[in-house]
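Residue numbers are given in my numbering: position 129 of the sequence shown equals residue 129, and the series is strictly consecutive.
If you are wondering where the hints come from, they were derived from the structure by calculation, not from laboratory data. One should not assume that every hint holds.
What the hints assert, rightly or not - Here are the in silico distance ranges between beta carbons for each label pair:
1) ASN119 - ARG66: 29 to 35 Å
2) PHE7 - SER48: 24 to 30 Å
3) VAL124 - PHE7: 36 to 42 Å
4) ALA162 - LEU70: 34 to 40 Å
5) GLY64 - LEU98: 14 to 20 Å
6) ALA104 - VAL43: 30 to 36 Å
7) ASP74 - VAL124: 41 to 47 Å
8) ALA5 - ILE133: 52 to 58 Å
9) THR123 - LEU98: 28 to 34 Å
To be verified - List time: in silico BS3-like cross-link candidates among lysine-lysine, alpha-carbon distance up to 25 Å:
10) LYS138 - LYS73
11) LYS56 - LYS97
12) LYS73 - LYS56
13) LYS97 - LYS145
All C-beta atoms in this analysis are idealised placements derived from N, C-alpha and C, irrespective of residue type, glycine included.
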Amino acid sequence: VADDANFDSGTLFVDASADNVGIGTTSPSYKLHLTEASTDFAVLIANSTSSGNGLKIDAGDNSGDRILQLSDKDGNEQMRVGATGLVGIGTTSPAKKLEISSNANGQATADIPGVRIENTDTTVTDTNVAGEIEFFSKDSSEADKISGFIKNVAEDAGTKYALTFGAKATGANAAEAMRI
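Start from the sequences and build out the full structure, keeping to the hints where you can.
Listed below in structure tokens is the structure:
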């Protein structure tokens, strides 16, 4: 087709001069541009098999390239996955595998950068672990060992909790070294 094609008043639009396709828009800015004007999701990608994959994105591999960018409706970037594998939430230039950035000047709970690990078990008993951060080593001298951890451990049937810190000794996984 040499000319633009418009089906069902913009439900599907092909911009022949730019080789762009629009769904829900007659002015597509990208190769595939979808627009939804409701409170529902604009796209659903579903695989109906129990062991199938969902979505694969192949993108550039230069350090400044983005594999994935999530923005609000006004175009304000909220999260990115860069081609170097760094993930930024609240930052466009993450320096670590995961960087969470926020201006907490007003000290509102929602503005303070943080991570929540939530255990939804409603029947906590003594010594149950509510959540943990684990450090794992692939070092060839002793590969596949837990080299350290921080755990939140229930005491007194879940009414009190302790933080435990673990460290690795030679030949073993990390064990508790300190409790607060």
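Comparing the hints with the structure gives:
1. ASN119 - ARG66: 29 to 35 Å: holds (33 Å)
2. PHE7 - SER48: 24 to 30 Å: holds (26 Å)
3. VAL124 - PHE7: 36 to 42 Å: violated (57 Å)
4. ALA162 - LEU70: 34 to 40 Å: Holds - the Cβ-Cβ distance for ALA162 and LEU70, about 37 Å, lies within 34 to 40 Å.
5. GLY64 - LEU98: 14 to 20 Å: holds (19 Å)
6. ALA104 - VAL43: 30 to 36 Å: holds (33 Å)
7. ASP74 - VAL124: 41 to 47 Å: holds (42 Å)
8. ALA5 - ILE133: 52 to 58 Å: holds (53 Å)
9. THR123 - LEU98: 28 to 34 Å: holds (31 Å)
10. LYS138 - LYS73: violated (42 Å)
11. LYS56 - LYS97: holds (20 Å)
12. LYS73 - LYS56: Since the Cα atoms of LYS73 and LYS56 sit roughly 23 Å apart, the hinted pair holds (cutoff 25 Å).
13. LYS97 - LYS145: Measuring from Cα to Cα gives roughly 21 Å; hence the hint holds.
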